[in-house]
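Asks: Respectively, the protein sequence lines represent chains A and B.
Following full-length UniProt numbering, the numbering of the first sequence begins with 1 at its first residue and continues without gaps.
Following full-length UniProt numbering, the numbering of the second sequence begins with 1 at its first residue and continues without gaps.
Simulated from the structure, these hints should not be mistaken for lab results.
One should not assume that every hint holds.
[What the hints assert, rightly or not] Here chain B is said to cover these stretches of chain A; the calculated rule only asks that three of the stretch's residues, wherever they fall, bring their Cβ under 8 angstroms from a Cβ of chain B:
#1 76 to 84
#2 118 to 131
#3 307 to 318
#4 361 to 370
#5 395 to 402
#6 408 to 419
[What the hints assert, rightly or not] Sample of chain A residues with no beta-carbon within 12 angstroms of chain B, all distances over it, derived:
#7 Val15
#8 Glu34
#9 Glu50
#10 Ser53
#11 Ala284
Small disclaimer: the values here were computed from a predicted structure and weren't measured.
The beta-carbon is built from N, C-alpha and C at its ideal position, and this holds for glycine as well.
2 protein chains.
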Amino acid sequence: MESIEHQVTLKSEVVHKATLAKLAAPSLSLLSTEQKNTALLLMADALVAETSSILIANAEDLGRGRANGINSSLLDRLALNEQRIIDMAEGLRQVVELQDPIGDVLETIDRPNGLHIVKQRVPIGVIGIIYEARPNVTVDAAGLCLKSGNAVVLRGGSSALYSNRRIVEVLHEALSRSDVAADAIQLIEDPDRSSVDQMLKLNGLLDVLIPRGGHSLIQNVVKNASVPVIETGAGICHTYVDESADFKMALQIAINAKVQRPSVCNSMETLLMHEKFAALHLAAIAEQFIANNVELRGNEKARALVRSINEASAEDWDTEYNDYILNIRIVSSLDEALQHIQQHSTKHSDCIVTENAEHAVRFLNEVDAAAVYHNASTRFTDGFEFGFGAEIGISTQKLHARGPMGLPALTSTKYRVSGNGQIRG
Amino acid sequence: MESIEHQVTLKSEVVHKATLAKLAAPSLSLLSTEQKNTALLLMADALVAETSSILIANAEDLGRGRANGINSSLLDRLALNEQRIIDMAEGLRQVVELQDPIGDVLETIDRPNGLHIVKQRVPIGVIGIIYEARPNVTVDAAGLCLKSGNAVVLRGGSSALYSNRRIVEVLHEALSRSDVAADAIQLIEDPDRSSVDQMLKLNGLLDVLIPRGGHSLIQNVVKNASVPVIETGAGICHTYVDESADFKMALQIAINAKVQRPSVCNSMETLLMHEKFAALHLAAIAEQFIANNVELRGNEKARALVRSINEASAEDWDTEYNDYILNIRIVSSLDEALQHIQQHSTKHSDCIVTENAEHAVRFLNEVDAAAVYHNASTRFTDGFEFGFGAEIGISTQKLHARGPMGLPALTSTKYRVSGNGQIRG
């Protein structure tokens with residue numbers, strides 16, 4: 001009996017708050033850009049003004065985290081300080097500068113019967129965000145959802161609960177001084193995993209779920225949600241160095257793609273190299289990777305050229321290391337490289353380095369990925385680097401949005417049809 | 001043990017055919033418009049040339065259906081004849097005329113660092129279609145997927161198995177004389193429902209599922225699929241007749257929205273009417289509905305005006321009748337109408353009939369639906385009526401596509417990034 005009561009209580013919070021968000025959504029869709037921007041600036045100011053209370057709440061999370069023995073990298077992501085709060089506020093001010101996508105006319109159609117049809121951007125409605133320890137995601141997601149006219153139901157990691165709760169209190173207080181309904185931002189406080197499970201099935205209250213975090217979090221959402229999901233994350237990215245590649249360019253791009261920030265999804269996991277280029281340059285390139293503390297794993301052809309390359313296992317080609325480890329496969333043709341990518345790519349970002357224009361075009365045409373590169377590092381797959389001014393995530397699915405997502409990815413459309421009495425014959 | 005073997009056998013067909021489709025997909029994405037059109041015309045000719053063998057297969061389905069006692073409307077949807085086969089072929093020829101969306105450039109971005117970014121339409125990949133008895137959907141879906149460069153895995157109703165099998169054999173034979181891989185079109189023949197269940201979980205092989213059919217088929221897919229879904233179908237559509245509406249226009253639009261084809265999703269289920277308009281005109285309008293064999297159910301205010309209106313139950317306002325039944329609610333204001341729609345609309349198509357421009361704008365802004373109408377019948381929500389020249393379905397979700405879906409709804413995008421050695425700092 002106890003467990004049933006427990007379930008009912010849990011259900012109440014998620015359903016209750018999602019319902020509040022849904023009830024707030026219609027009013028959000030009607031806000032002017034100015035009303036939304038005013039609210040965002042109030043939110044930014046409030047965060048800075050409330051720095052000390054937020055840091056106190058964060059200290060509670062950190063203390064609890066240390067007591068529970070969570071690891072140092074998680075503690076680092078969880079930890080706030082004055083500068084990080086200033087950065088969160090600055091992020092909201094940047095969202096103010098973004099163009100408001102709501103109301104944009106995407107298409108107008110005039111039909112022979114006189115119907116005038118306008119396809120216009122509208123908010124999606126209620127967006128569920130499921131994420132992990134970083135409290136800055138709370139602010140970031142709330143800001144982007146608000147600017148795009150959406151209500152948001154946030155479910156952050158339980159380790160950041162006190163921080164998130166205080167942050168959302170501060171945001172609510174700011175909204176109460178604006179034209180925006182405070183119910184637009186909801187935080188699920190229930191730390192039990194079942195609150196996530198409930199969100200996954202909340203069709204009718206949530207319009208979309210965006211998971212942000214590690215592989216297992218995202219896969220849990222993708223596999224179990226009946227609410228539509230925008231999948232983000234996995235990136236096994238390839239760089240193929242063609243026979244005709246410029247040595248210096250190839251070296252710089254490969255090193256940048258691997259070591260500039262190995263932990264992120266757009267970093268390279270596998271370097272493919274034409275055998276003729278490899279015969280001349282693999283040794284020098286391998287040396288640079290090793291100097292950057294990268295462990296190299298390769299196929300037979302690679303190991304025959306450079307002895308310090310370890311043997312790659314079958315699974316290695318399908319592993320997203322997010323670490324200082326790199327697979328190297330020497331291939332005998334562009335076709336072999338394309339085939340490898342087709343088999344092993346997660347369709348995130350793949351690159352060819354070549355001076356051969358025909359090969360470049362073939363690669364850009366034939367590789368099926370959110371972003372395909374010629375002579376540039378895969379690390380550029382990013383909303384800011386693409387000039388969107390924001391990034392909700394990088395979609396690795398093919399529906400709705402693919403690749404870096406700016407504000408338009410948080411919108412839907414509506415057809416407005418005007419007539420003068422038309423009926424269908 | 002037997003059941004496990006059974007499962008393995010079942011799994012084999014779905015996984016095997018989806019794998020074949022996935023392997024065919026890359027080559028499809030590279031076909032020219034001409035190559036695709038040539039294949040479509042060969043398919044159209046082959047269907048007509050093979051009319052008799054298709055009708056024989058169809059006769060087997062009909063015989064089996066009659067033996068199993070399936071109802072006459074299902075038999076009608078299942079039945080083919082010479083004209084229906086000509087119509088299917090004609091449908092393919094119309095797809096030839098459609099503009100090919102693949103390769104369309106949606107956006108170009110030039111970054112300060114010299115990166116040149118082009119956002120281009122590409123096929124989605126492999127599309128799964130789950131549908132019911134109509135064999136024409138087999139041809140229709142195969143044609144639209146092919147034109148948009150996608151492979152398709154078809155799972156039609158088991159009652160149409162022989163018809164679908166013969167049709168797909170004919171299409172395969174036509175493709176074998178074209179540049180298009182015959183594996184682009186796959187038919188799941190296993191009549192067991194578990195083959196549908198398997199498709200729902202085929203992440204990595206299927207990129208999207210589009211269910212086409214009745215409520216329970218669609219809800220099964222929406223609730224249980226881990227593959228992304230485009231939800232189609234449900235339509236509880238409203239027409240609100242405002243105080244200032246023109247009587248004749250309101251009558252024509254309301255009658256058209258209900259009785260021109262009651263069985264479809266864009267027909268009206270609920271008529272909302274301002275009390276001042278109703279006092280003058282409800283009697284005449286009700287009379288017309290009754291003359292068209294429509295059963296009327298209403299709220300107290302409606303029944304006080306017209307005695308032949310039955311009492312509407314609470315559930316009636318949330319029921320998609322798809323039949324000659326209409327709910328009528330008399331309201332005292334536009335706000336009451338908007339509130340009713342917000343509570344009961346399935347966000348498909350809703351209409352206001354008014355001569356008040358301000359009310360029209362409020363309605364078009366505030367009603368959250370795929371299509372919102374001013375002074376025109378909701379029956380126009382249709383890919384052909386919108387001028388798309390095709391319709392894969394009418395999306396009732398907010399992600400990816402909303403409202404009538406033409407060929408672009410079967411596409412994704414890819415960012416092509418060209419550089420000259422850019423690395424990220």
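Asks: Hints first: check each against the structure and report whether it holds.
Replies: Verification of the hints:
1. Counting residues of the segment 76 to 84 of chain A whose CB lies closer than 8 angstroms to any CB of chain B gives 0, so the stated coverage by that chain is violated, three being the minimum.
2. Here's how the segment 118 to 131 of chain A fares: 3 of its residues keep a CB closer than 8 angstroms to some CB of chain B, so the rule of at least three is met and the hint holds.
3. With 0 residues having a Cβ less than 8 angstroms from any Cβ of chain B, the segment 307 to 318 of chain A misses the three-residue criterion, and the hint is violated.
4. Given a C-beta distance limit of less than 8 angstroms, the hint that chain B covers the segment 361 to 370 of chain A holds, as 6 residues qualify and 3 suffice.
5. Chain B is given as covering the segment 395 to 402 of chain A, and this holds because 5 residues of the stretch bring a CB closer than 8 angstroms to a CB of that chain, at least three being needed.
6. Counting residues of the segment 408 to 419 of chain A whose C-beta sits closer than 8 angstroms to any C-beta of chain B gives 8, which meets the bar of three, so the coverage hint holds.
7. No Cβ of chain B approaches the Cβ of A:Val15 within 12 angstroms, the least distance being about 17 angstroms, so the stated non-interface status holds.
8. Against chain B, the non-interface label of A:Glu34 holds: every CB pair exceeds 12 angstroms, the least being about 17 angstroms.
9. Annotated as non-interface, A:Glu50 keeps its C-beta farther than 12 angstroms from every C-beta of chain B; the closest such distance is 34 angstroms.
10. Consistency note on A:Ser53: stated as away from chain B, and its beta-carbon is indeed over 12 angstroms from all of that chain's, at 37 angstroms minimum.
11. With a minimum CB-CB distance of about 17 angstroms to chain B, A:Ala284 clears the 12 angstroms threshold, and the non-interface call stands.
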